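Protein chains: 2
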Amino acid sequence: MGSTYSAPVQPAPRVTEELDKPILRPCERPHPQETFDQTSIASDSFYGKIRAIYGQRVLKTQLEQLRKQGSYEAFKLGWHPKFDIEKLQGAKCTISSPPTLLWDSDVGKWIEAACYFLSTADGKGLPHASEFVSAIDELIAMMAKAQQSDGYLGTYFTVVDKAGRLKNLRDMHEMYNCGHLLEAALAHYRWSEDRKFLNIMIRYVDLLMKTFGPGENQRHGYPGHPELELAILRLYSLTRDPRHYAFGRYLVAARSQREPSLGGKPFFVWEAEQRKDTFFHASMASIDDGRYHQWHAPLHDQDTILGHSVRALYLVTAASDLDGTLLNDANRLWNDCVDNKMYVTGGIGSVPDIEGFSEFPHFLPNSHDEGGCYAETCASIACMMICERLLSQKLSGKARDVMERCLLNNVLGGASLDGKRFYYANRLATCGNEVADRSEWFEVCCCPPNLSRTMGLLGGYMWSVKTKSQTISLDIYLYMSGERTVKLPSGEIATVEMSSEMPWYGKTTLRLQAPVGYEWIVQIPEPEYAVIFNVSPPSLITSTDVEGYHSLFLPARSTISVTFDMPVRLLAPHPATHQDTLAIARGPIIYAAESYDNTKMEGE
Amino acid sequence: MGSTYSAPVQPAPRVTEELDKPILRPCERPHPQETFDQTSIASDSFYGKIRAIYGQRVLKTQLEQLRKQGSYEAFKLGWHPKFDIEKLQGAKCTISSPPTLLWDSDVGKWIEAACYFLSTADGKGLPHASEFVSAIDELIAMMAKAQQSDGYLGTYFTVVDKAGRLKNLRDMHEMYNCGHLLEAALAHYRWSEDRKFLNIMIRYVDLLMKTFGPGENQRHGYPGHPELELAILRLYSLTRDPRHYAFGRYLVAARSQREPSLGGKPFFVWEAEQRKDTFFHASMASIDDGRYHQWHAPLHDQDTILGHSVRALYLVTAASDLDGTLLNDANRLWNDCVDNKMYVTGGIGSVPDIEGFSEFPHFLPNSHDEGGCYAETCASIACMMICERLLSQKLSGKARDVMERCLLNNVLGGASLDGKRFYYANRLATCGNEVADRSEWFEVCCCPPNLSRTMGLLGGYMWSVKTKSQTISLDIYLYMSGERTVKLPSGEIATVEMSSEMPWYGKTTLRLQAPVGYEWIVQIPEPEYAVIFNVSPPSLITSTDVEGYHSLFLPARSTISVTFDMPVRLLAPHPATHQDTLAIARGPIIYAAESYDNTKMEGE
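Here the protein sequences come in this chain order: A and B. Quick note on full-length UniProt numbering: the first sequence kicks off at 1 and runs consecutively. Quick note on full-length UniProt numbering: the second sequence kicks off at 1 and runs consecutively.
Chain A extracted, bound-state conformation:
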């Protein structure tokens, strides 16, 4: 149940120092995000070319933006005008915390992204690699200095408001920042094998684990914006320190608990009373009753996904990395999101004022004039993260199809091809004089660097491999062109090479090479949109035990080809959307018809 905080007995504890050996996760298969760097995406392929835009242009653009924004310099702990929250807040809706509170996470996401590109074979030829490397070193050096004696690391509450430290977990994003910096540190360690950044973050995490938790002398708190949960569970897959797993599980399970020691109140209510809400005043019903921050009920009792989309989906991402009930809850809420609250484009979030979910299933207006539309890039990225974790826990054609739909239709469009402009919201239509163009940057700019780290990690979304004695299991998630090596227990190497014409043509060739005596079990996806699906030689197809997949048993050295048709489809919206529209799709791609490029309709 969501209400027990005890650390799991299994797996056996290991000391944090042993970081050399290969690690397995609770679900006993390697987390693709931990093996992405064994994959090299073909540079001349569709995904390779897009990835190159990020490696060659977007990362550079974003580094310049971070410098311009002030978040880069902020770790020097100097004063910045934007720290003057009261002034900034004046005009703002009180639901959004001041942009400077998110600066540390912007930097963290950029470092994480840069490290991914630096550590993948196809990223070796980065034009600005040396500039990135020295920026990363400088930032880490600044952080080492910025870290307080007790381990705390955060620019705003070190420079501006020491007394306010960790007093407003609901709004102030300290744990969120810590999470992104921790993921950056994990990526940095994986690339550099240097522990200095990781040590900084483990020290900070130790402070948070000491301060917050179920213990008598701990504050029973959790963040208003989940992210530390995701990061610490990734840390656990490296350290296998059960305290890391337990804390990640606690932050998810403690949510919405009525703590006797807090007068039976939910943490955010108690916390707001403690600080007398002098600065932030929760002036929305959905904040007061917890829906916005997903503490209106324990995850186990939530039958529909509500509130701020990214917060909700990050919480579900963490739960999908956990065990037992929480994993089931993640499955239920993800299915509700996909079945009832996702746009045909994979866009998520139809209530602009909360950047979030409607109470209404199938309330998916295309624009503000129809009642709302948001479809934040980060929300679809979060959905991809959930898909990847669900797939690594249990293969599913549905999770694969959704991951591909989000990636191609609500994520890749988040950046322009020149790598200089970005979408935050990906509305299906715009209203009045709303801006329909991409922007160079945003005051709150979570999306652009989130895009970069997702592209950096793309190899991790492609497939996953598990080895057991002489059997190599290969699960294919996305049809892409690339190759990867597999380290076998014997120390030998197996290689997989996939060359695909997706997303344009359903033609893919797979070449497998393993030492004599090994065999492959390959799970080949049959996408929802595929018609006339063939694997040759056909005799290889076995009756499938996974919906949307075919299991193939193959000898050590095999070459197979997969072909399927992708006829143009006209997709009609669910009747409950009350929409009189059709979407044009071919394969995984939804096509957009810009009104500016077309003559106006005449109401017929």
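Selected chain A positions facing chain B (in silico; Cβ < 10 Å):
{"no.": "1", "residue": "S350"}
{"no.": "2", "residue": "I354"}
{"no.": "3", "residue": "G356"}
{"no.": "4", "residue": "F360"}
{"no.": "5", "residue": "F363"}
Because the hints were derived from the structure by calculation, they are not lab data. Computed from a predicted structure; not experimentally measured. Backbone N, C-alpha and C fix where the C-beta goes; we use that ideal spot for every residue, glycine too.
Since the structure of chain A is already known, use the hints to place chain B on it.
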């Protein structure tokens, strides 16, 4: 059918000059709005005291605001900085036309309101009466000068853009302004028996009837914001000129017709092409496909009410004043609005960006953070106008209950008790740092003067009387305190006096006096919220043939009392609203619980 434009054969035409005799409408009963001035509301009663606020303060405030705004002086046809639309429009969403385009209607509504108060017995003691009278005279004198040789009357297109006259009916509100000035002229004629203002407006209407219509040499147009339809049907009930009825009917029936002479296009599409939409660009799906302006389908084919709430409900108001199919269509769309798209407060419109209706039945979020909420004062006033017309066509307890609900919960709150501040939107809850207070005025200020004319006309919403030979039929709409005289065919006088403790207590006494030989048929409403309903003497109750009403047959001189209980009710929202709330009601009044006056909920 909604597609035939022919003028009705009945009733027999009368020449416009004969304005002296008592008039009957097509539905063969006096339009309450044409007999309101026979009613005097008791000044010491609930409604009398509120009405006094308008007569003594609101009208004065609004006259000052009109002078400050510039709309008063505008009829002198001088230049005003606010006429510089391009400059004004820059920052605005293109769906809202420039405020100055509505100035003429603001003045019209104020004159109409002032005339109502001047012509009712309880309005005789107006403290500022002489100032109002000279303002009215000055405005009418200015209009007489401002009227062009061909009859056109409109400040903006006379001063700024002569060439643009009547070229953009969709956005520029010329017909809307004409409608409100015409209703003002009717009120002025009724009060002063002076035809000068009415003649001005009839000249303008003649120009419009010549320019627009089904004829070969006419433009097949209709306004983007209905109102002229309502006004001209009221004009018809005075003139009985069938051309007036036919034009009112045409403007409703022509809507959405695909005109062969316009290349089979709807008028607004053709019109936008003619002017190449250089200034206004319809950049919303709901404008492009006609939903916003209600031309997406003929009224007869609309199975749910859509688009801008006030425009939609004004169109339905006009249809509810018409015959046959259009009256049925009005009934169907009004029932859809009330059953599926109205807040418990009688508020209407849940999509802020279009000030309008959702495609979703029961999509009634309380605030922006829940997905939207608008509930414009004018929309509930429009609903009251529909109720009053439906009641005058066919008595109905439902229409009566809805009219009372709108008046008490989403209309009266539109002005502060000091008569100086007003609501435009009446949201059930506010979000973030939205303004929850009333404002002194609005750039587009349709609501405040609309409130005044509604309060001025309040006696017309109270009851209606019809006389046939020796029988006087009295239909009671609202329980209020007041009296009225009834002119009998014999020239004699009957009087009705109602004294009621509503809305606080279900206790009402009715005193009827008619000459010997007359008898009364009185329709007494039993409100939806009434429990233990008694009429004494009880023997008088007859089996009711109208839902929500009791028919009483009474001798010439009768006194009866009506009593009912109004226990406190907890109203649960329709399940499809997905809302976890309760509304507290007693009788017709919905009670509001201000979060600022109450401790925060704790998500329990």
